[in-house]
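**Student:** Taken in sequence, the protein lines are chains R, L and G.
Just so you know, we're using the numbering used here here: the first sequence kicks off at 1 and counts up by one.
Just so you know, we're using the numbering used here here: the second sequence kicks off at 1 and counts up by one.
Just so you know, we're using the numbering used here here: the third sequence kicks off at 1 and counts up by one.
Just so you know, the hints here were simulated from the structure itself, not pulled from any lab data.
Careful, some of the hints might be misleading.
To be verified - Now the in silico label distances, taken between C-beta atoms and shown as ranges:
hint, chain 1, residue 1, chain 2, residue 2, range
1, G, Asn-138, R, Leu-142, 34 to 42 Å
2, G, Leu-54, L, Gly-12, 13 to 21 Å
3, R, Leu-203, G, Asn-138, 49 to 57 Å
As the list claims (entries may be wrong) - The calculated DSS-like cross-link candidates involving lysine-lysine, where the alpha carbons are at most 30 Å apart (straight line), are:
hint, chain 1, residue 1, chain 2, residue 2
4, G, Lys-273, L, Lys-85
5, R, Lys-9, G, Lys-208
6, L, Lys-88, G, Lys-208
7, G, Lys-237, G, Lys-208
8, L, Lys-161, G, Lys-306
9, L, Lys-66, G, Lys-353
10, R, Lys-9, R, Lys-19
11, G, Lys-353, G, Lys-337
12, G, Lys-208, L, Lys-66
13, G, Lys-273, R, Lys-90
14, L, Lys-126, G, Lys-306
Even glycine gets a Cβ: it sits at the ideal position worked out from N, Cα and C.
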Amino acid sequence: MAALTQTFKIPDSIKKGAKYSFCPGCDHGVAVRLVGEALDELGIRENTIAVASIGCSVTIYDFMEVDSLEAPHGRALAEATGVKRARPDKFVFTYQGDGDFASIGMAESLHTALRGEKVTAICINNTTYGMTGGQLGPTTLLGQVTTTSPTGRNIEYYGYPIKIAEHIALCDGTAYSARVSLDSVANIRKAKQVIKKAFEIQLQGLGFSFVEILSTCPTNWKMTPQQAHDRVRNQMMEVFKPGVYKDITADRN
Amino acid sequence: MEKNFIIAGFGGQGVLLAGEVLANAFMMAGKNVTWYPCYGAEMRGGTVNCEIVMNDSEEVSAVNKKEADFVVALNQASVDRFVSKIKKGGWMIANSSLAKEIRTRADINYLFAPITKLAENVGNIKMTNILALGILAKVSKLVTLESLTEALDAVIPAHRKNLIPLNLKALKIGYEYDLLPV
Amino acid sequence: MTECLTKTGKKVLTKGNYAIANAAVIAGCQCYFGYPITPQSEIGEFMSGKMQELKRGYVSAESELGAINMVIGAVATGVKAMTSSSSCAISLMQEALSYAATDELPVVLVSVMRGGPGLGNIYPSQGDYNQATIGGGNGDYKLIVLAPSTVQECVDLTYKAFYLAQKYRNPTVLLADGMLGQMMEPVEFGEYPYPEIDNSDWALTGAKGRPSRVIRSYGPLADDRCVFLNKLFEKYKTIEENETEWEEFNTDDADIILVSFGGPSRNVKSAMKECRRQGLRVGMFRPVTLYPFPSKRLNELAGITKKFLVVEVNMGQMVRDVRLAVNGKVPVELFNKPVGSPPEVDDIVNEVKRQIKE
Chain R
1 MAALTQTFKI PDSIKKGAKY SFCPGCDHGV AVRLVGEALD ELGIRENTIA VASIGCSVTI
61 YDFMEVDSLE APHGRALAEA TGVKRARPDK FVFTYQGDGD FASIGMAESL HTALRGEKVT
121 AICINNTTYG MTGGQLGPTT LLGQVTTTSP TGRNIEYYGY PIKIAEHIAL CDGTAYSARV
181 SLDSVANIRK AKQVIKKAFE IQLQGLGFSF VEILSTCPTN WKMTPQQAHD RVRNQMMEVF
241 KPGVYKDITA DRN
Chain L
1 MEKNFIIAGF GGQGVLLAGE VLANAFMMAG KNVTWYPCYG AEMRGGTVNC EIVMNDSEEV
61 SAVNKKEADF VVALNQASVD RFVSKIKKGG WMIANSSLAK EIRTRADINY LFAPITKLAE
121 NVGNIKMTNI LALGILAKVS KLVTLESLTE ALDAVIPAHR KNLIPLNLKA LKIGYEYDLL
181 PV
Chain G
1 MTECLTKTGK KVLTKGNYAI ANAAVIAGCQ CYFGYPITPQ SEIGEFMSGK MQELKRGYVS
61 AESELGAINM VIGAVATGVK AMTSSSSCAI SLMQEALSYA ATDELPVVLV SVMRGGPGLG
121 NIYPSQGDYN QATIGGGNGD YKLIVLAPST VQECVDLTYK AFYLAQKYRN PTVLLADGML
181 GQMMEPVEFG EYPYPEIDNS DWALTGAKGR PSRVIRSYGP LADDRCVFLN KLFEKYKTIE
241 ENETEWEEFN TDDADIILVS FGGPSRNVKS AMKECRRQGL RVGMFRPVTL YPFPSKRLNE
301 LAGITKKFLV VEVNMGQMVR DVRLAVNGKV PVELFNKPVG SPPEVDDIVN EVKRQIKE
């Protein structure tokens, strides 16, 4: 009998026995796992400091076996900057929602990118404020009904949603900016590679790296997990197109 | 004994620097001293001034005092502004190159000297402030040329050290300016 | 004008702002993050050059929100770090201070007060006594607050701020004012006089060979939160017992005791001396720590003196703490100036005479 080889396991970067408190069908769990796998594969877990933000993403420190700091709403990249400047040898990443990154924290996010701060930001875009019950956020799609856009997002009252990865790619200090989706197994595999690439960019000291992850929020969207993933595919990916928007290493390869 | 000095003029006359040199000189002579500037919006346009309080026995407590023992006024606006703030028996040392020789008070001492003109004669109009310090040293008898020389060396930054000889010349000319009060 | 002080064996004449910055460098401050505001911009200007020269951390932050949160990030990894600002901009930092207090992080914040409220102006003021000691952040927390009155004390209390912040893992504020920040006096820096505090049991350095650590303020369970807050306030009690600091002069036989803190206390001291010269039994009390406030000693003195006169450059803020301390034993009166340079010595003397007659 051939020796058994373990081909699938919980990453070391995920806490033993941790039970996700995310809603069923929410992609946060997949995203956290991908981050954990990437840390494991790069062998950097023990040298990592994570900065959590406010919203559903705050609980990342309950699931990850890495040193973590919690930032006030919108300030994750300021705190990550402080961590990195104090300990340039550490691997530093933030885990934020779109409201945290692109609304209340827009100044911190853009300036961290412009400074070319050698940190990585992971931003979960689910087109709503999840933890507070599904209000309109910076990425809410035109026409989308939320608790604060009861007849759908219209331009007159709310203006337009922001395409985060494209904006971050415009900053000269950004070394890498990409958007991924978790709607299918194939896209989850792609997402993993993109996260890993973003981490490698930081390890190489090339500048700011950024990954926007399109994610579901079945609870606030009032959908089944299946419907929610269909929405990501059919509506979100139409507006927020997955892809690599900047990669300063691309020309060298 | 506590004495206070106001140095005033328009921006660019080196008023704050002169005050810093004077304060350093007091410190080097082992005295307690505080230098306090006007700053910010107060400095935009109009006059610039700073106050130096020297105490040879105890720590300097209050600054921004109502009255001064000595006022060095490098332009007319400064004379006008501070003449009423001089203690009885105190001194107004005024730059007659830029201020009229008008004595509005009988209870203070005046010394008018063409400080800007004298600085030009030294070879650099920017020496106006330091030349005025020379005059102040002679009039007040509270600070020596030696202390001021030492202070200049401390205050002038490394890349401007070549200006020290000119500063010392200005200081000396100020000190030797015939200054009997009228 | 850039000064490059660092360590000097002899006395140097320098501005309060430079004195604070240079003392921070000597204290081992590894990172400075700041955003400009008058009348404390010299601190950031000095640090921008100095920290780069020493290969330490420096960021011209995008805002005060950015600056204070960068400090939180840096101190969470166990290094000394600081920011400095003034009044309306310190208002912006209140949220982060609440987090830092709850996270028990040794943040050092230099607050150089200017006139308020709102944009106010850049004249000296003590209008942020309440902002520093009570705070505008949410929830129950305390900041240690130190108030210098001379440029030398700007140095000494900067050292102390770093030490107390580390010792108690508590945000600490050096509360100066525009007058102190801008004035020059002779100072001696010497060496950082305090021991280094071991932080290897809590700092975030990467979970190598140990379980991972989390620095967080989120406490979703009510019971856990009660336990946490009670423990936090036990720490504050220890701080109150061990770190309360004040100065008093001629209080033994005083009919009236003047109470004043920070830069304006210098004028009050002059006024007290002048009163004594005129044969009036006047004493003076100066809190050095505004939190912990020397309430106990003030209460004792209330048994000796007949009256307190609080002199402040605001509309009357510390006077409330004095009244709480004295607890109605004797009258506590206020002589204030809303904003600007301290009240003139003569004016204080006249007020003392008026108060004695009443």
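**Student:** Next step is simple, just say for each hint if it's right about the structure.
**Tutor:** Right, here's what the structure says about each hint:
For Asn-138 (chain G) and Leu-142 (chain R), the Cβ-Cβ distance of about 35 Å falls inside the hinted range of 34 to 42 Å, so the restraint holds. At about 34 Å, the beta-carbon gap between Leu-54 (chain G) and Gly-12 (chain L) misses the expected band of 13 to 21 Å. Range check, Leu-203 (chain R) to Asn-138 (chain G): Cβ separation about 38 Å, and the 49 to 57 Å hint is violated. Taking the CA atoms of Lys-273 (chain G) and Lys-85 (chain L), the gap is near 23 Å; set against the 30 Å cutoff, the hint holds.
Among the hinted pairs, Lys-9 (chain R) with Lys-208 (chain G) is consistent with the structure: their alpha-carbon atoms are about 21 Å apart, no more than 30 Å. Only pairs whose Cα atoms come within 30 Å are accepted, and Lys-88 (chain L) paired with Lys-208 (chain G) is rejected, the gap being roughly 74 Å. For the hint pairing Lys-237 (chain G) with Lys-208 (chain G), the CA-to-CA distance comes to about 35 Å; that exceeds 30 Å, so the pair is violated. For the hint pairing Lys-161 (chain L) with Lys-306 (chain G), the CA-to-CA distance comes to about 59 Å; that exceeds 30 Å, so the pair is violated.
Annotation: proposed proximity of Lys-66 (chain L) to Lys-353 (chain G) holds, straight-line Cα distance about 20 Å (limit 30 Å). Taking the CA atoms of Lys-9 (chain R) and Lys-19 (chain R), the gap is about 15 Å. The hint holds against a cut of 30 Å. Restraint check for Lys-353 (chain G) and Lys-337 (chain G): satisfied, since their Cα atoms lie roughly 18 Å apart, inside the 30 Å limit. Simply put, Lys-208 (chain G) and Lys-66 (chain L) have alpha-carbon atoms about 64 Å apart, too far for the 30 Å limit, and the pair is violated.
Between Lys-273 (chain G) and Lys-90 (chain R) the alpha-carbon distance is near 57 Å, which puts this suggested pair outside the 30 Å criterion. Proposed proximity of Lys-126 (chain L) and Lys-306 (chain G) is contradicted: the alpha carbons are some 57 Å apart, above 30 Å.
Hint compliance for this structure: hints 2, 3, 6, 7, 8, 12, 13 and 14 are broken, all remaining hints hold.
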